[in-house]
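Visitor: Sequence order for the protein chains is R and W.
Sequential numbering of the first sequence, starting at 1, is according to our numbering.
Sequential numbering of the second sequence, starting at 1001, is according to our numbering.
I should point out that these hints are in silico values taken from the structure, not numbers from a laboratory.
Here the structure is a predicted model, which means the values were calculated and not measured.
Honestly, I wouldn't trust all of these hints.
Under the rule of at most 25 Å between Cα atoms (straight-line distance), these lysine to any residue pairs were calculated in the SDA-like manner [claimed, not checked]: (1) LYS12/R <-> THR1048/W; (2) LYS275/R <-> ARG233/R; (3) LYS135/R <-> THR207/R; (4) LYS1150/W <-> THR207/R; (5) LYS1017/W <-> TYR62/R; (6) LYS12/R <-> ARG1141/W; (7) LYS29/R <-> LEU172/R; (8) LYS42/R <-> GLN1018/W; (9) LYS12/R <-> VAL1008/W; (10) LYS1004/W <-> ARG10/R; (11) LYS1004/W <-> LYS275/R; (12) LYS12/R <-> ARG186/R; (13) LYS29/R <-> ALA67/R; (14) LYS12/R <-> GLN1018/W; (15) LYS1004/W <-> ARG233/R; (16) LYS29/R <-> LYS1150/W; (17) LYS135/R <-> LEU172/R; (18) LYS275/R <-> PRO161/R; (19) LYS12/R <-> ARG1061/W; (20) LYS1004/W <-> THR133/R; (21) LYS29/R <-> THR1048/W; (22) LYS135/R <-> SER19/R; (23) LYS275/R <-> THR166/R; (24) LYS42/R <-> ARG1141/W.
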Amino acid sequence: MYPRPFTYHRAKSYPEAISLLSELGEEAKFLAGGQSLIPLMKLRLSAPRHLVDLNFIPETSYIRSNATARFGAMTRHAEIAASAEAARIPILHDCSAGIADPQVRHMGTIGGSVAEADPTGDWAPVLLATGATVKTLGPGGERSIDIAEFILDAYTTALQPAELVTEIVMPLPAERSGGAYLALKRCAPVYASASVAVQLTMHDDHTCQDARVYLGVLGLTATRVTVAEEVLRSKPVSPESMEKVRGAVMDIAEPNADMRGSAAYKRQAAGALAKLAVEAAVKRARGEHVEVTHLYA
Amino acid sequence: MPEKIPRVRLSAMVNGKQYAREVEPRTLLVQLLREELNLTGTHIGCDTSYCGACTVLLNGRSVKSCTLFAFQADGGEVLTVEGLARDGQLHPVQQAFSDCHGFQCGYCTPGFLMSTVQLLEEHPHPTESDIRKGIAGNTCRCTGYQNIFKAIYAAAAAGEGADIGH
């Protein structure tokens, strides 16, 4: 399948990419890893007249950490999965090592994923749960935007015309913190049927100090499950509280029946994922090594 | 009249040989390989980034060549299934797939070979879970995967997985 013909522009820097896009207008798009845009263009669901290629801009793919972990927008999912940061912050590994399949993870970028704001994307719930910030650059200069204010709706972000994502900044989790991200998929290359991200801090081995719980896929954007957070916050983690978390996530889910399953099935799946994610997050906060990955069914 | 679109000039090292071409911007990497370079070993399967039949290595990393524009490989190194054999000798991964009959119709095989080469680079002694994750982006509708697993274990046992013939 051939995309509609387009004119190619290779940017050598972000400022050049931004001025190119400003000149070319609405018929132009940035190309990051292309793992969503290229399939859309092949299906002619997207047919830009110009592509501004970000792949050859130096210093855009990096992982740096001191007080925060910072990911260059063009950092590929596979590079994040293999990083020391992913080894230290397990929720990062859960997400980056489970997106699609190895081939897609070698090309797809964190910045592209965040800018696309696909409701089935893996990064949004994880970045929301960890309280990440999106750094952008556009004709109006640099901005730092809380991820919760960056993703506005399905496929809609706070990005202005010709503005692009330059970096994702993630605060390093406090002591006695743990997180987990679980997604249920039919197989690797497809979109998830449901996903849940949990990031929590324990007061001691039994009592949760604070928690963030986000449900992915089953809404227009990742959804914060505040009832589940309240169930966990400042209370001992018990089988009863886990059951309440499961119920809260099931209550807030707004699944649509489609080829991935019935609404009831997805609701059940979301509840089960939430329970597994909290269990893994608590164990990790206690310092236990727990492997969590995308589940296939 | 359609407007005239400037072609993109690109060069890449493909299976150890340097090529330079001028292509339409919308040319996909798989089309460059098959139609411009006559390397038809890389197959187009689903053409939607699902099946992995078109898998090649770009700069040592597996990618789906139907989901990359040719210009994304500019200045890079590409390894296709044609680049695996050396001096008339099958690559150990190819030999293992042949010995274990890790295919039936063979259509998906080039993609599985490339993903296996990548997998064994990262995991020279893969566990079953490593193999499942490593070939998760490749689909075979014939074998039921049993013999593909056997072939991958056999290739790992041959101990040559790390030599991908660059």
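Visitor: Hint compliance check: list the failing hint numbers for this structure, sorted ascending.
Guide: Violated hints (numbers, rising): 1, 3, 4, 5, 6, 7, 8, 11, 12, 13, 15, 16, 18, 20 and 23; every other hint is consistent with the structure.
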